[in-house]
Every structure is written in C-alpha cells, then in structure tokens.
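Colleague: Listed below are the residues making up each chain.
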Amino acid sequence: GENVEQHPSTLSVQEGDSAVIKCTYSDSASNYFPWYKQELGKRPQLIIDIRSNVGEKKDQRIAVTLNKTAKHFSLHITETQPEDSAVYFCAADTGRRALTFGSGTRLQVQP
Amino acid sequence: NAGVTQTPKFQVLKTGQSMTLQCAQDMNHEYMSWYRQDPGMGLRLIHYSVGAGITDQGEVPNGYNVSRSTTEDFPLRLLSAAPSQTSVYFCASSGHRDRGETQYFGPGTRLLVL
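Chains as they are written, first to last, in my numbering: chain A, 197 to 307; chain B, 6 to 119.
Honestly, the hints are just simulated from the structure, not real lab data. The beta carbon of each residue, even a glycine, is placed where N, CA and C say it ideally should be. Please note that the accuracy of each hint is not assured.
To be verified - Derived CB-CB ranges, DEER-like:
1) B:T12 with A:N199: 28 to 34 Å
2) B:Q27 with A:Q210: 40 to 46 Å
3) A:T274 with B:L84: 27 to 33 Å
4) B:T12 with A:V216: 34 to 40 Å
5) A:P307 with B:P44: 24 to 30 Å
6) B:K14 with A:Q241: 16 to 22 Å
7) A:E211 with B:L84: 47 to 53 Å
8) A:V250 with B:N33: 25 to 31 Å
9) A:Q256 with B:D61: 32 to 38 Å
10) A:E279 with B:F15: 36 to 42 Å
11) A:L242 with B:N67: 40 to 46 Å
12) B:S89 with A:K267: 43 to 49 Å
13) B:P66 with A:S222: 43 to 49 Å
14) B:Q22 with A:S222: 36 to 42 Å
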C-alpha cells in the first residue's frame with residue numbers, strides 16, 4: 197500500500213519568515229495530494245491540494261509543489277503569522293477517496 | 006447543510022465492551038471513510054466505502070467492523086474494545102470525482118478504553 201513520509205516533525209520560524217514542509221510518497225498510482233491544518237482538539241481542515249497533472253498551485257501565502265518523478269511534494273508558507281501555528285499533515289490518494297497521511301509537522305511561528 | 010456529523014463526542018468504555026460510533030453526512034457524498042488519530046500522530050485509515058453496500062479495509066482494520074446500508078450513514082463498530090483502541094476517531098466524506106476530491110471531516114469522537 198501507499199506510504200507517506202513527512203519532514204520535519206517540528207519547525208520553528210520567526211514571524212514573517214517562510215516555512216517549508218516536505219513529503220514523499222511510494223505509490224506511483226497516487227494522483228491527489230491534499231494538505232491539512234489541524235489545531236489542537238479540532239478536526240483537520242484542508243488548506244490546499246494538488247492533482248498529479250499539475251506541478252504547482254498557489255493560494256495567497258500558501259503554495260504546493262509536486263514532483264511526480266521523484267515522488268515528492270512540498271508545502272510552502274510565506275510571510276508566516278502566529279495564527280499559522282498548528283500541526284500540518286500531507287496526504288496522498290490513489291483514487292479510492294481514502295487518504296494515506298504523513299506523520300505531521302508541528303509548526304511554531306514565533307512573534 | 007450540517008456537513009459530516011459524528012456521535013458521540015466522547016465515550017469511555019471498559020475492555021471487552023462493544024459500541025458503535027455514528028457518522029452521517031447530508032451532502033449526498035458517495036465516498037466515506039474512518040480514520041483514527043493517536044496522540045502526536047497522523048491519521049490512519051481504518052475502513053472506507055465507495056458507495057452504499059460497498060466497503061473495504063484500510064491500514065488498521067482489525068477490531069473494527071463497518072457497513073454502509075445508506076448513502077448518508079457509515080457507522081463504525083467496535084466488537085470488543087481494547088485499551089489499544091483509545092484514540093480520536095474521525096469520519097470523512099467526499100463527493101463524486103466530477104465534484105472534486107476534497108474530504109470533509111467530522112468533528113471527531115474521543116474514545117477512552119479502560
């Protein structure tokens with residue numbers, strides 16, 4: 197089955213800096229890659245996603261890049277703000293509409 | 006629309022007890038799935054369904070049963086609870102491929118097995 201690895205497990209940045217989280221996947225059949233933000237005690241919330249026929253997608257301060265050949269995708273957050281502090285998860289889907297998640301990255305934005 | 010709803014919000018069980026976690030969605034979504042999230046970890050897929058009457062196993066199916074008799078409901082059954090099943094359980098749904106793949110998560114059920 198699919199295996200998703202995520203790095204780093206924790207990330208601390210200064211407010212205004214950029215943050216990058218990286219994920220790799222194993223199953224070449226995966227074709228959909230969402231990123232979720234989870235605040236303490238809350239449900240995961242989708243922040244951005246990308247399909248395998250697209251190399252990059254951007255939504256304001258958030259962008260995701262995908263390298264199908266290398267089987268890795270990354271989340272980029274620019275101009276970080278304290279409210280960006282949360283746990284971020286990457287995930288992959290082979291089309292069955294059931295996700296395989298990475299282990300998460302705890303992002304701390306220092307004011 | 007209420008979206009994805011889950012009941013109960015919190016449950017305490019004794020080892021060996023059985024219970025059903027309820028999940029319902031009112032978005033007419035074909036796809037539904039169950040995940041568990043242990044402290045400090047990512048979500049792991051338990052079971053999923055691609056439509057009424059069709060279910061399949063995920064990464065960690067042992068100890069859990071599911072059924073999908075209607076499009077709206079996807080209950081998760083613990084037949085004989087074990088302390089290792091202490092976790093937060095999330096249900097999710099998504100629509101037909103042409104309507105996008107976004108998975109909508111319920112608020113979760115926090116389960117403690119003593």
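Colleague: If a hint holds in the structure, say so; if it does not, say that too.
Modeller: Structure-based check of all given hints:
no.: 1; hint: B:T12 with A:N199: 28 to 34 Å; verdict: holds, 33 Å
no.: 2; hint: B:Q27 with A:Q210: 40 to 46 Å; verdict: holds, 44 Å
no.: 3; hint: A:T274 with B:L84: 27 to 33 Å; verdict: violated, 48 Å
no.: 4; hint: B:T12 with A:V216: 34 to 40 Å; verdict: holds, 39 Å
no.: 5; hint: A:P307 with B:P44: 24 to 30 Å; verdict: holds, 27 Å
no.: 6; hint: B:K14 with A:Q241: 16 to 22 Å; verdict: holds, 18 Å
no.: 7; hint: A:E211 with B:L84: 47 to 53 Å; verdict: holds, 49 Å
no.: 8; hint: A:V250 with B:N33: 25 to 31 Å; verdict: holds, 27 Å
no.: 9; hint: A:Q256 with B:D61: 32 to 38 Å; verdict: holds, 37 Å
no.: 10; hint: A:E279 with B:F15: 36 to 42 Å; verdict: violated, 27 Å
no.: 11; hint: A:L242 with B:N67: 40 to 46 Å; verdict: violated, 29 Å
no.: 12; hint: B:S89 with A:K267: 43 to 49 Å; verdict: violated, 31 Å
no.: 13; hint: B:P66 with A:S222: 43 to 49 Å; verdict: violated, 20 Å
no.: 14; hint: B:Q22 with A:S222: 36 to 42 Å; verdict: holds, 37 Å
Violated hints, in rising order: 3, 10, 11, 12, 13; the structure is consistent with all others.
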